[in-house]
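Taking UniProt numbering, the leading residue of the sequence shown gets 1, the next gets one more, and so forth.
Derived by calculation from the structure, the hints in this document are not laboratory data.
Careful: at least some of the hints might be erroneous.
Claimed, not checked - Derived DEER-like restraints, expressed as beta-carbon distance ranges: (1) V27 - E202: 29 to 37 Å; (2) I95 - P11: 45 to 53 Å; (3) V18 - A96: 40 to 48 Å; (4) D35 - P11: 34 to 42 Å; (5) A133 - M61: 30 to 38 Å; (6) K49 - V27: 32 to 40 Å; (7) R226 - V72: 22 to 30 Å; (8) T153 - L25: 26 to 34 Å; (9) P24 - L103: 30 to 38 Å; (10) F222 - G248: 20 to 28 Å; (11) G246 - L99: 20 to 28 Å; (12) M28 - L110: 40 to 48 Å.
All C-beta atoms, glycine included, are put in the ideal place defined by N, C-alpha and C.
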Amino acid sequence: MTMRLRNLALPGLFWLFVAYLFLPLLVMAAMGFRDSNFVAFPIHSWTTKWYGEVLLDRDVMEALWLSAKVAVASTVISVAVGLPVAFAVARTSGIARGLLIALILLPAFLPVVVSAISLRIFIGRIGLETGTAAIAFGHAVGSVPFVVIMVLTRLNTMGRNMADAARNLGADDVIILVRIVLPCLSPALLGAFMFCLLLSFEDFVRSFFLGGFEQTFPVLLFARLRFGFDPGLAAISTIVLIATTGFGLYAERFVRKRSLRSETSLTSGAKND
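All chains, please: the whole structure from these sequences, using the hints.
Rendered as structure tokens:
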């Protein structure tokens, strides 16, 4: 009897969790096709006019473009900073390694509001004005820990056999880095790059505190929703949701293929050693 209840309860809890995750998204998507500005169910009249109107909305397009620019800039900064930091951590051991990892992960565990306010005060002290550069800098601060952990995990699985073999054959550190280490790290770097892009694109809190008069897409949504429901925002949010979901699925598949290819090269390299 207990086993039967468990077999019934587990699927029920699973589908309840799925509904909790996806039902709000489905409601939002449906609202983008509603013919009126009022939120009510059932929907008696459907239309696609909001999609056409919002795609011609200059403010929305500028906000999307700003979010895309910030995402690319912050991701480049995050990878450029996180990669050498991961190399440095990989060379340490014992208590020093644990302390370094804890220090690097601290921005990821801090409440986002606390981090955003701290960054706002900091950029004011160093003379950096709020705007695109400040947003990109703030997003990078939140993304670097994830880059470090992803690269460090990959470094730990690589080992040192191939690098040591290349060094014994006369290769210098630059050749080892370019011809061996970076190709083996490519799945982790690609994964970190794509993850940071998505993380930055949807970041609201840091964008809100650091953007000044410039509005990223999440900030624009918040500003407009304060004045009531807008079906156009539901429409553009649905488009963004589909685009980011598709990008995420493609990124996961692409990184998985690169990872398998890299694992194959590592295995063959180890056999040759």
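- Query: What are the numbers of the hints that this structure violates, sorted from low to high?
  - Reply: 1, 5, 6, 11, 12
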